[in-house]
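**Student:** For chain A, the structure is supplied; the task is to place chains B and C on it using the hints.
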Amino acid sequence: MSTVVSPDMVHRWTRSSRHAAAASVIVLLGLAALPAVLGAGAIDRLTALFIYVIMAAMWNALAGYGGLVSVGQQVFFGLGAYFTVRLAETGFDPFLAMGIASLLVAAVSFPLSLVMLRLKGGEFAIGMWVVSALTHLLVNLDGLIQGETGRSLISLNAYAADARRDIIYWLALLAMAGLLGGLFALLRSRTGASIQAIRDNEEAASSLGIDVTRTKRLLFVLAAFGIGVAGALWLASATTFQPKTYFSVQWTAYMIFMVLVGGIGRFEGAILGAVIFFVIETWFGALGVWYLIGLGAVALLFSLFMPLGLWGAIETRFGISLMPVGYRLELPSPSRKE
Amino acid sequence: MTALSIETLTARHGLLEAVRGLTFSVAKGETLALVGANGAGKTTLLRTLAGAHPVHGGSIAVNGEDVTRLASHQRVRRGIALVPEGRKMFATMTVAENLKLGAMAGRKGEWSIERIIGIFPNLEKRLHHKTGHLSGGEQQATAIGRALMSNPEILLLDEVSLGLSPLIIDRVYASLDGLMTSGTTIILVEQDLSRAMAVADRVICMLEGKAVLEGRVDELTREQVTEAYFGLNRTRTEKVPA
Amino acid sequence: MTNQIIQGILLGGYYALIACGLSFMFSVMRIINLAHGSLAVSAAYLIFVLSERAQLPLWACFLIAMAVMAAAGWLIQRLILVRAARGGHLLPILSTFGLSMVIENALFEQFGADTRSLANAIGDLSWDSWEPISGLYVGKLPVLIFVTAVVMLAGLQLMLSYTRIGRAIRATAEDPDTAGLVGIDARRVNAAAAAIALVTVTVAGMVLGMRATFEPYSGAPQLLFAFEASVIGGAGSLWGTLAGGIILGLAQTFGAAIHPLGFLIAGHAVFLIILFARLMVPDLASMPARLIGRGSVA
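Chains as they are written, first to last, in this note's numbering: chain A, 1 to 338; chain B, 1001 to 1242; chain C, 2001 to 2298.
Chain A on its own, in the form it takes in the complex (with noise of 0.2 Å):
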């Protein structure tokens, strides 16, 4: 017996669904509020959180959703880091020149994603890795950096203290959250499912008319941009800028570790991941190189034997999504046994 399916049939919203949306804003508003309570350690730490999740979840949607691993992500976050910097040092007010350095790191990405879109694979790969080894050079040469020298945002200190740290605080906190909402109104557009087939099947969505190169570039630009904030993020809350800090492939290790653990193409698993980045940093971080040489084996196992991570174990295991980028079906039950 065959069924019509009608429009009203088709659902986006999940109930587990319902009920994460309004955590997580619940979430957002609480966080939100902790300056008031928490001490410098904690907010600090916080912060870094916040710019955690979002370096997950703009490798995630690149690489997840756009199946372009980089592993020179890292361009970006030393670049968001250095054009700080540097329209710090022409008179913007700090704040505002992490918002312009931002947006000059998107428009920079839009050029090198014509170049490098065109490289496959492993290519791609290490041929972003080139670029940002080339760029930090390049910063290097600059003579305001002076090689390994680096320079200080200094005209933070125009800001007292306290109020300089919970101002970065909210600004990592809203930046999060306007990225992850950004990141997921776009999942759940049209150009969403054309992304999501693209990470499902590249040659298909290409036989349906989906404009591929397009919808990479969209997904580079705002990997690049995502990353870009981070970058000028930790630049307000560290205050040095030093190339080699901020040009390490280091960065892309922690991305890679957070999305593999977390989930790769997973909305949910970014987050995920990022968390337990964070807990893992928290805690074995003073381990110094056992830290590095642990989070190099796990995410070495994690890709062998759980490549779709925690998040993807989850979800196949219990079918639960948080964070509804698809459509879902219900039907009516059956009016009488066949």
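Note that these hints are calculated values from the structure, not bench results. C-beta atoms are modelled at their ideal positions from N, C-alpha and C, and glycine is treated no differently. Zero decoy hints are in this set.
Pairwise CB distance ranges (calculated): (1) Thr1010(B) <-> Ala32(A): 57 to 63 Å; (2) Met2159(C) <-> Glu1110(B): 27 to 33 Å; (3) Ile100(A) <-> Gly2112(C): 41 to 47 Å.
**Tutor:** Relative to chain A, chains B and C alone:
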């Protein structure tokens, strides 16, 4: 003596069953023809026998030994060789190299490049040409030669006439004639019914993954096979004792 | 100027050496091994330890290191790469990146941040040179390295063209499915290819230690150079790798003459320019046709 036997063999493409619970056996030295329309499951069956396609259910035995779990290169060592549909040449490698590759399984036997050239003399001047530059007939000859180099007991031929002109097909089958009378067990998939029945000892007609007709060629008429081919004998299956 | 050209070309020999393992693994298994550089550095450390601490002659250190690295290659292929390859073409990038992180940091844990070198083992060879014409200096070590590179590339090419394992490797690279059908055990072949690749990596590591210093995190720059040389030369061609290495070496040498950072900048910049040109040239080549097309009937 049974060379090959399969028992309720099932193979799938995703969720679609291409071979459904098939059971038959082939005697040593026998030539069995598998006929049927496109999509009947013939190629999938051959690939499954060769180990190139996973077995979903049932079993395959060669000379009494269960080979169901063995990978394709291990089956070559047990004596099964497949001449795949579309020939599947290593296009960047020469004819000689393709032939030498066939010998990699290390089975002892009579086959050598000289003997292959003996049955396919037109390959001699093409020995050092890349197979990507060969004509369809020459590639087919190389593919068959490559399979023979592994000294197989059971040779599986998948649509050797595909894409070839009738004259070339004649030549290919003429070369196979010696094989068929020499004691090699052969299973061939062939679209052309008359050719199939001209060379085979037994024929099985497949439709939608099942055998709808099975019998000795000298005991079946063309009409019976044609009916089975088009599924016109669905309500009654002819089973003539082998 | 001539000195620089010679230096650049000879430097290219080193790059071809380190690039050929990467390129070989890519043509055979379609995997770009991001741990390639750190593996070369591991080989260098291994030889260093055998030479300095066990006081063995260099050739013995090399043979032992080669055996160890070949075994490691076999293991990496069987334990990591086979699984990773099954997960799609992106997963090996992530897996090998994770592996490189483990290797680098483990090396740091074991050896610390000090830079090391194999210069002690080769004594005067480090700076000996010939002076064929007055004013023209040709370093002996660089020449030796260049010759080694050519010999190794030739050896690989001969192996691939004329040996049984070479044929099996080529067949498996082209069509692993059909290779199985003719009796080739694709897994064994790929493991052998990985072992061979790591033998070349051992040579590269030893040479790295001879001509320069190394430290635990040297792997990343070496990987980038190997990658650049492969791509400039055209991925998949062994002799192209030599050409790519030479172009990279020349770019770097001339860049070094301009600015201390010029060495690295010029190398990366030339790579990107060539990449850009190669990607864009198809467009350039078809531009006349497209321009003509524009004027056709609407």
